[in-house]
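Chains as they are written, first to last, in my numbering: chain H, 1 to 335; chain G, 1001 to 1335.
Hints in this document: simulated from the structure, not taken from any laboratory.
Bear in mind that the values here come from a model prediction, so they are computed numbers and not experimental data.
Ideal Cβ positions, reconstructed from N, Cα and C, are used throughout, including at glycine.
Heads up, a few of these hints could be off.
To be verified - Between beta-carbon pairs, the in silico distance windows are:
{"#": "1", "chain 1": "H", "residue 1": "Gly-263", "chain 2": "G", "residue 2": "Ile-1160", "range": "50 to 56 Å"}
{"#": "2", "chain 1": "H", "residue 1": "Asp-39", "chain 2": "G", "residue 2": "Val-1183", "range": "28 to 34 Å"}
{"#": "3", "chain 1": "G", "residue 1": "Val-1183", "chain 2": "H", "residue 2": "Val-200", "range": "38 to 44 Å"}
Said to hold, decoys possible - Once the Cα atoms are required to be at most 25 Å apart in a straight line, the calculated DMTMM-like pairs of lysine to aspartate or glutamate come out as:
{"#": "4", "chain 1": "H", "residue 1": "Lys-313", "chain 2": "H", "residue 2": "Glu-276"}
{"#": "5", "chain 1": "G", "residue 1": "Lys-1227", "chain 2": "H", "residue 2": "Asp-169"}
{"#": "6", "chain 1": "G", "residue 1": "Lys-1141", "chain 2": "G", "residue 2": "Asp-1254"}
{"#": "7", "chain 1": "H", "residue 1": "Lys-298", "chain 2": "H", "residue 2": "Glu-276"}
{"#": "8", "chain 1": "G", "residue 1": "Lys-1227", "chain 2": "H", "residue 2": "Asp-57"}
{"#": "9", "chain 1": "G", "residue 1": "Lys-1227", "chain 2": "H", "residue 2": "Asp-62"}
{"#": "10", "chain 1": "H", "residue 1": "Lys-298", "chain 2": "H", "residue 2": "Asp-62"}
{"#": "11", "chain 1": "G", "residue 1": "Lys-1332", "chain 2": "G", "residue 2": "Glu-1208"}
{"#": "12", "chain 1": "H", "residue 1": "Lys-313", "chain 2": "H", "residue 2": "Glu-259"}
{"#": "13", "chain 1": "G", "residue 1": "Lys-1332", "chain 2": "G", "residue 2": "Glu-1205"}
{"#": "14", "chain 1": "G", "residue 1": "Lys-1227", "chain 2": "H", "residue 2": "Asp-59"}
{"#": "15", "chain 1": "G", "residue 1": "Lys-1227", "chain 2": "G", "residue 2": "Asp-1259"}
Said to hold, decoys possible - Partial chain G-side listing against chain H, Cβ under 10 Å, derived:
{"#": "16", "residue": "Ala-1060"}
{"#": "17", "residue": "Asp-1081"}
{"#": "18", "residue": "Thr-1103"}
{"#": "19", "residue": "Val-1114"}
{"#": "20", "residue": "Leu-1182"}
{"#": "21", "residue": "Val-1218"}
{"#": "22", "residue": "Gly-1225"}
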Amino acid sequence: MTDPVLLLGGTGVMGAATAGLLRAAHPDLPLLIAARDLDRAGGLASTLGNARAVRADIDLLDLGLPASVRFSAMAVLVRDLGYNSVRLAQARGVPVVLISEAAFELAPIAALYARRPAASAILMMGHSHGGLPMLLAASRLPEYRSVRAIRVGVIFDPDDPLPPGAQVDMDRIAGAGPPPLALRQGRWSWLRGPEATDHVLTSSLGVRLPAEAYGLPDILSLARWAPGADITLLGAEGATGRGPDGRPAHEVTIEIEGEDLSGRPSTRRWRLIDPEGNAMLGARGIALALKALAGVTKAPPVPGLYFPEDLVKPRDAVSRLALWGLDLREETLQP
Amino acid sequence: MSLPPILLIGGSGTVGKQTALALRGTHPGYPLLIGGRDLARARATAAEIEAAEGVRIDLAAPDLGLGDRAVAAVAIFVHDDSLGSLAYALSRSAPHIGISTGTFEIAPTIAAYVHRPSAPVVLGSEWLAGAAVLTTLHLAKGFVRLDRIALSAVLDDQDIGGPAADADYARLTSVSPAALTLVDGRYHWRTQAESDVVVHAADGEAMEGFAYSPFDIVALAAQTGAKDIRLDVAVGASSTRRAGEAYSTEILIDLEGVDHTGASVHTRHALVHPRGQAPLTALAVALQIERIAGLDDAPPPGPGLYFPEGLVAPELFVGRALASGASLIQLKTGR
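Generate coordinates for the entire structure from the input sequences, incorporating the hints supplied.
In structure tokens, the structure reads:
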């Protein structure tokens, strides 16, 4: 029998959404909902089916899990500032995905990895929305011969707030972090003052929204394909297109400037709208990565340090989003 | 056939040149390339060192300006926002070591390795390239459990680290004024505003200091499991200069934990080098280069991310540091 996938912080907004997506896509995949509050975890587990609940505490060295509790992969959906989660994954030799770290926060993970490189696959996925906006941008890069700039934008509707955990991450990053990281003509740059805040994203309603740069690992991943480009991740708040039920949606925009395959200058923009909001888009990304990390349909990755694009091909992310009814649509840009 | 040389970028600088001399002492005749932007300066340095050749380095060129000449390893003593030397090393499967990266700046280096894991990549940017961590791990052998590690460094203001070190310090503290600290098992970015920092020098003098976070914090957290780890730096007159002698560099190491008898112990040591910070840094880098290039006759390590303590045994470093004139002194605790 397969050991379950452990969702640490599984009762939170992201955890419950991720669990629901995994359950719907893989009815046979057992889930282990781990949380401080066993009653809540139990409630979610019984709703899901083929799931168990267990009490876990990130402040304890082994998270408080007895050795008899086995699992095949771990998703850390709460902010674990002491990394007992990674230590436990390494002790058990199972893959682990972390979703909270901005680019400037990767050092503790690198140190744990370097100490025991053969223990676990560690996926660094502090990207926006489980890496999906980054993968969407990457999916269009083969249409370019050379890339001068990539701008990935995320637009939050004021009526679709970030989940509490994600808000804590954003507050911590804004409070203690350095200015946002971006790539500028191949040089790693910390954007200051207007360089960070003087940006615009256009909503699907045609409204130009003030936007600011986010220093998340999306930049690092995209630099793999466009090492000499300007790469920026931007966020804005404003009214999004509403779904049929009137709920606020979440929007992702991808803008790429460069030369197309015939060498002509090309500036294009695409948009993806998730009518279920920002948390659901993030959960989709996490579910996709977790499926690969847990080896649900093919062999799990060998121990190592990974970014999402190492485990999920951009075109596979696009196909999976299409199955959820989400399409990346190109827009005509005003000259 | 001639051996491929070791490339030292910034090899004309204070630490670079001393590293070259340290390698010259242990491996006479092993070819060295002294690289820099200024060819005349690189050649002038190389002329003082047997079997060394000066070369002009262009960090923006994929081949660094070296053509297709092979190198055994690359060490860079200056900061490079484009990571050109790392990309060059990985493209040739050559080991690379850098010592000028702040903890918050680590992400692009990690990403470069993850994207192309072809060679050892050494994250050498600990205090004096590993001098503090290696000495701490040496002293930690007296403990069965370490709870708290407090590192303090005294840099004499006459002990010029060279323009590269000055530029690092200015960049690191101006971009990100917060320093990573482990507090009760959780990472925390500590700012100067939170509390005044006082460093007690080896002679007991209280000096005004500041929180700083080279990779020591994450390295020691991964290696020791201590729950409280911090590093503070004071710049001013060192203890020896206050006593009327020449300047020195000081690393004060406070350890609290439990020893082999089960007793709670607090120890305090000072590693002091009478010729300042450069000889300790150069020794640490030289030992790491010897290891990654396989000059020590052991099999060279495979591709991976390494911190200094993953390459150099603490006893080896401490023994060589003492032989080079450093002293490791036990001090009274309980001030």
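Okay, the hints, checked on the actual structure:
A beta carbon spacing of about 51 Å between Gly-263/H and Ile-1160/G agrees with the range 50 to 56 Å that was offered as a hint. Checked against the hint of 28 to 34 Å, the C-beta distance between Asp-39/H and Val-1183/G comes to roughly 31 Å, which is consistent with it. Checked against the hint of 38 to 44 Å, the C-beta distance between Val-1183/G and Val-200/H comes to roughly 40 Å, which is consistent with it. The hinted pair formed by Lys-313/H and Glu-276/H meets the criterion: a straight-line CA distance of about 23 Å does not exceed 25 Å.
With a C-alpha separation of about 22 Å, the suggested pair Lys-1227/G and Asp-169/H falls inside the 25 Å cut-off, and the hint holds. With a CA separation close to 14 Å, the supplied pair Lys-1141/G and Asp-1254/G stays within the 25 Å bound. The hinted pair formed by Lys-298/H and Glu-276/H fails the criterion: a straight-line CA distance of about 29 Å is larger than 25 Å. The hinted pair formed by Lys-1227/G and Asp-57/H meets the criterion: a straight-line CA distance of about 16 Å does not exceed 25 Å.
Straight-line distance between C-alpha atoms of Lys-1227/G and Asp-62/H comes to about 15 Å, which keeps the hinted pair within the 25 Å bound. Simply put, Lys-298/H and Asp-62/H have alpha-carbon atoms about 28 Å apart, too far for the 25 Å limit, and the pair is violated. For the hint linking Lys-1332/G to Glu-1208/G, the alpha-carbon distance of about 20 Å falls within 25 Å, and the restraint holds. The suggested pairing of Lys-313/H with Glu-259/H holds, with an alpha-carbon distance near 23 Å, which does not exceed 25 Å.
A C-alpha spacing of about 13 Å is found between Lys-1332/G and Glu-1205/G, which places the hinted pair at or below 25 Å, so the restraint holds. For the given pair, Lys-1227/G sits about 11 Å from Asp-59/H by alpha-carbon distance, which is consistent with the 25 Å threshold. Our distance criterion of 25 Å between C-alpha atoms is met by Lys-1227/G and Asp-1259/G, whose separation comes to about 16 Å. Taking 10 Å as the C-beta cut-off, the interface hint given for Ala-1060/G holds, the closest approach to chain H being about 8 Å.
The restraint placing Asp-1081/G at the interface with chain H holds, with a minimum CB-CB distance near 4 Å, inside the 10 Å limit. Because the beta carbon of Thr-1103/G sits about 5 Å from the nearest beta carbon in chain H, less than 10 Å, this interface hint is met. At its closest, the beta carbon of Val-1114/G sits 5 Å from a beta carbon of chain H; the interface hint therefore holds under the 10 Å criterion. At a threshold of 10 Å, the smallest CB-CB gap from Leu-1182/G to chain H is about 8 Å, leaving the interface hint in force.
For Val-1218/G, the interface hint holds, the least distance from its beta-carbon to any beta-carbon of chain H being 4 Å, beneath 10 Å. At its closest, the beta carbon of Gly-1225/G sits 8 Å from a beta carbon of chain H; the interface hint therefore holds under the 10 Å criterion.
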